[in-house]
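Next come the chains, spelled out residue by residue.
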Amino acid sequence: MQIRGKAWKFGDDVDTDAIIPARYLNTSDSKILAAHCMEDADPEFASKVGTGDIIVAGKNFGCGSSREHAPIAIKAAGVGCVIAQSFARIFYRNAFNMGLPILECSEAVAAIATGDEVEVNLDEGLIINVTSGRTYQAQAVPPFMQKLLQAGGLMPYVREQMIQGGHKF
Amino acid sequence: MAMTISEKILAKHAGKPQVQPDELVEVRVDFALGNDITAPLAIEAFRLAGAKHVFDRERIALVPDHFTPNKDIASAMQVQVLREFAREQNLKYFFEVGRVGVEHALLPEMGLVLPGDVIIGADSHTCTYGALGAFATGVGSTDLAAAMMSGRVWFRVPHTMKFVYRGKLKAWVGGKDLILYTIGQIGVDGARYQAMELTGEVIDALPMADRLTMSNMAIEAGAKVGIIPPDKTTEEYVKGRAQRPYEFYQSDADATYAAVYDWDVSSFEPMVALPHSPGNVRPVTELPDITVHQVVIGSCTNGRLEDLRDAARVLKGKKVAPHVRCLVIPATQDIYRKAMDEGLFQIFLDAEAAISTPTCGPCLGGHMGILAAGERAVATTNRNFVGRMGHPESEVYLSNPAVAAASAVAGKIIHPGNV
Numbered sequence: 001m002q003i004r005g006k007a008w009k010f011g012d013d014v015d016t017d018a019i020i021p022a023r024y025l026n027t028s029d030s031k032i033l034a035a036h037c038m039e040d041a042d043p044e045f046a047s048k049v050g051t052g053d054i055i056v057a058g059k060n061f062g063c064g065s066s067r068e069h070a071p072i073a074i075k076a077a078g079v080g081c082v083i084a085q086s087f088a089r090i091f092y093r094n095a096f097n098m099g100l101p102i103l104e105c106s107e108a109v110a111a112i113a114t115g116d117e118v119e120v121n122l123d124e125g126l127i128i129n130v131t132s133g134r135t136y137q138a139q140a141v142p143p144f145m146q147k148l149l150q151a152g153g154l155m156p157y158v159r160e161q162m163i164q165g166g167h168k169f
Numbered sequence: 170m171a172m173t174i175s176e177k178i179l180a181k182h183a184g185k186p187q188v189q190p191d192e193l194v195e196v197r198v199d200f201a202l203g204n205d206i207t208a209p210l211a212i213e214a215f216r217l218a219g220a221k222h223v224f225d226r227e228r229i230a231l232v233p234d235h236f237t238p239n240k241d242i243a244s245a246m247q248v249q250v251l252r253e254f255a256r257e258q259n260l261k262y263f264f265e266v267g268r269v270g271v272e273h274a275l276l277p278e279m280g281l282v283l284p285g286d287v288i289i290g291a292d293s294h295t296c297t298y299g300a301l302g303a304f305a306t307g308v309g310s311t312d313l314a315a316a317m318m319s320g321r322v323w324f325r326v327p328h329t330m331k332f333v334y335r336g337k338l339k340a341w342v343g344g345k346d347l348i349l350y351t352i353g354q355i356g357v358d359g360a361r362y363q364a365m366e367l368t369g370e371v372i373d374a375l376p377m378a379d380r381l382t383m384s385n386m387a388i389e390a391g392a393k394v395g396i397i398p399p400d401k402t403t404e405e406y407v408k409g410r411a412q413r414p415y416e417f418y419q420s421d422a423d424a425t426y427a428a429v430y431d432w433d434v435s436s437f438e439p440m441v442a443l444p445h446s447p448g449n450v451r452p453v454t455e456l457p458d459i460t461v462h463q464v465v466i467g468s469c470t471n472g473r474l475e476d477l478r479d480a481a482r483v484l485k486g487k488k489v490a491p492h493v494r495c496l497v498i499p500a501t502q503d504i505y506r507k508a509m510d511e512g513l514f515q516i517f518l519d520a521e522a523a524i525s526t527p528t529c530g531p532c533l534g535g536h537m538g539i540l541a542a543g544e545r546a547v548a549t550t551n552r553n554f555v556g557r558m559g560h561p562e563s564e565v566y567l568s569n570p571a572v573a574a575a576s577a578v579a580g581k582i583i584h585p586g587n588v
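If you read the sequences in order, they're chains F and P.
Everything in the first sequence is counted per the working numbering, starting at 1 for the first residue and increasing by one.
Everything in the second sequence is counted per the working numbering, starting at 170 for the first residue and increasing by one.
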């Protein structure tokens with residue numbers, strides 16, 4: 001799986017209220033959530049971000065609440081991948097469950113700046129800063145997890161598997 | 170092999186003699202919960218997966234507490250999703266307004282979450298039940314959906330960090346101050362992916378309300394669970410409420426810990442977390458004059474009867490400062506009734522504080538007390554992130570209920586002893 005886009009850089013401890021403020025959680029409509037993605041950290045983010053763009057952040061990305069609306073908002077905003085130094089526990093699990101690719105790589109985070117063109121190869125865990133020409137190695141996403149991401153998350157993945165196994169819904 | 174409480178509970182629920190940190194295990198879930206924000210997505214996922222029935226109609230609670238009483242049409246529609254699912258699945262525990270309370274106050278009070286349990290909730294503060302000696306942790310809606318279907322969940326067994334609190338607490342210092350201090354010391358990711366085990370003579374002497382406050386905020390240090398060894402206090406709290414059998418687990422004396430912190434807390438003052446992080450903690454005595462516009466006393470962290478008593482002790486015979494709004498939010502209907510019967514409402518009303526029906530409301534900037542740009546609140550809640558209680562340019566200071574009440578009277582953040 002390849003992802004390519006512009007980098008948007010954020011700091012440490014980006015919390016889920018910054019990713020999607022609770023005042024918008026009276027809906028789970030992904031379009032509405034996307035329109036407010038990262039609003040309290042950067043009010044213009046949702047209008048600036050392009051399809052395939054990449055969020056690059058420091059440690060403990062996604063700390064705070066368990067809201068799955070956070071990875072939903074990021075993904076629906078068009079973001080193709082989040083690269084961080086580290087992720088909060090619940091967000092990490094939610095991101096895969098929602099089909100949002102994420103990678104941990106401190107070196108890439110330190111070296112990538114907002115506006116850099118970045119390419120990510122999930123099969124190999126390779127992060128390429130196209131702007132600077134430098135390459136960084138993160139842990140590869142194993143094949144079954146990539147299938148899960150391609151399916152759009154855990155439940156669509158499980159459903160596909162069951163249909164392939166002969167289950168009729 | 171020696172094990173910690175968390176390891177023993179996970180081993181038991183995985184049907185194994187023992188487990189080790191970093192091991193992946195699939196465990197049986199004793200209880201699962203969701204609220205009006207997270208359950209609609211879980212129900213959608215449940216249907217997408219083609220599931221027809223929940224694993225056990227008596228081991229799931231749907232608690233519409235965040236935007237209730239429904240603040241607008243959209244939130245009413247979300248609660249309707251819960252209500253219809255609860256009817257369809259004949260769930261035993263769905264709560265309408267009039268019976269509903271803040272989930273992490275309500276479920277322990279009802280004896281639905283118990284010592285030795287594995288509990289998952291689609292709410293990050295599910296870790297509150299660690300105070301009962303349960304392995305309880307927050308998950309996303311999809312994981313809740315899977316657990317509602319199968320009654321099982323997979324975990325990576327966390328490493329455990331041990332915290333030992335020694336000495337004797339000063340007046341006006343309690344569980345909130347201890348956990349704020351702890352987060353201040355280790356940072357908001359200091360216990361990321363780990364189990365916190367909260368121990369020592371101070372914890373042994375701590376009432377259940379304070380213990381629930383401490384475990385509640387374990388997630389604010391990134392922890393998976395904040396567990397407290399069950400004891401006499403636990404037994405007294407649980408007996409008479411428990412809806413099921415329960416079991417006490419204790420860590421072995423030679424269990425392995427990833428880290429041990431040992432603090433004498435005798436000299437501690439009440440703590441305040443300054444904007445915009447629960448880890449930005451200072452003793453109240455070291456703060457400059459900070460004027461406040463709103464005070465919120467409530468939430469899953471500090472909305473219990475003992476918390477309201479602390480606030481009332483400070484507010485008795487006093488008035489909330491002009492230009493300050495003081496909101497008191499009993500966390501459940503039972504707490505509401507007892508506070509009223511004890512005469513606490515009289516004290517709050519005489520002080521010109523507002524008393525709200527149980528709701529999470531302002532804690533997450535939902536409704537019932539939202540801040541304007543430039544406004545500052547002292548709250549007994551658990552998070553003070555940017556925009557948490559309203560406008561992105563507002564500020565939230567986290568404290569214990571006595572400091573919050575004192576600050577309402579003074580119009581600035583002060584020590585309760587100085588009111």
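Treat the hints loosely; a few may be bogus.
[Unchecked claim] Here chain F is said to cover these stretches of chain P; the calculated rule only asks that three of the stretch's residues, wherever they fall, bring their Cβ under 8 Å from a Cβ of chain F:
hint, region
1, 207-215
2, 235-243
3, 357-364
[As the list claims (entries may be wrong)] Label-pair distances were calculated between CB atoms; the ranges are:
hint, chain 1, residue 1, chain 2, residue 2, range
4, P, A427, F, G165, 46 to 56 Å
5, F, S106, P, E455, 51 to 61 Å
6, F, D29, P, G219, 21 to 31 Å
7, F, Q137, P, P444, 30 to 40 Å
8, P, A427, F, A151, 52 to 62 Å
I should point out that these hints are in silico values taken from the structure, not numbers from a laboratory.
C-beta: ideal position from N, C-alpha, C; glycine also.
- Message: Please check whether Q137(F) and P444(P) have a Cβ separation lying inside 30 to 40 Å.
- Response: 37 Å, holds
- Query: If you check the beta carbons of D29(F) and G219(P), does the distance land in 21 to 31 Å?
  - Reply: Holds: the Cβ-Cβ distance is about 23 Å, inside 21 to 31 Å.
- Query: Between A427(P) and A151(F), is the Cβ distance one that fits in 52 to 62 Å?
  - Reply: 35 Å, violated
- For the range 46 to 56 Å, tell me whether the beta carbons of A427(P) and G165(F) fit it or not. 40 Å, violated
- Within 51 to 61 Å or not, the Cβ separation of S106(F) and E455(P)? At 34 Å between Cβs, range violated.
- Message: Please check whether the region 235-243 of chain P has three or more residues whose CB lies within less than 8 Å of a CB on chain F.
- Response: n = 5 at 8 Å, threshold three: holds.
- Task: With a C-beta cutoff of 8 Å, work out whether three or more residues of the region 357-364 of chain P approach chain F closely enough for the coverage to hold.
- Result: Holds: 4 residues of the region 357-364 of chain P have a Cβ under 8 Å from chain F.
- Item | Coverage assertion for the region 207-215 of chain P with respect to chain F, Cβ distance below 8 Å, three residues required | holds (count 5)
Comparing the model with each earlier hint shows violations of hints 4, 5 and 8; every other hint is respected.
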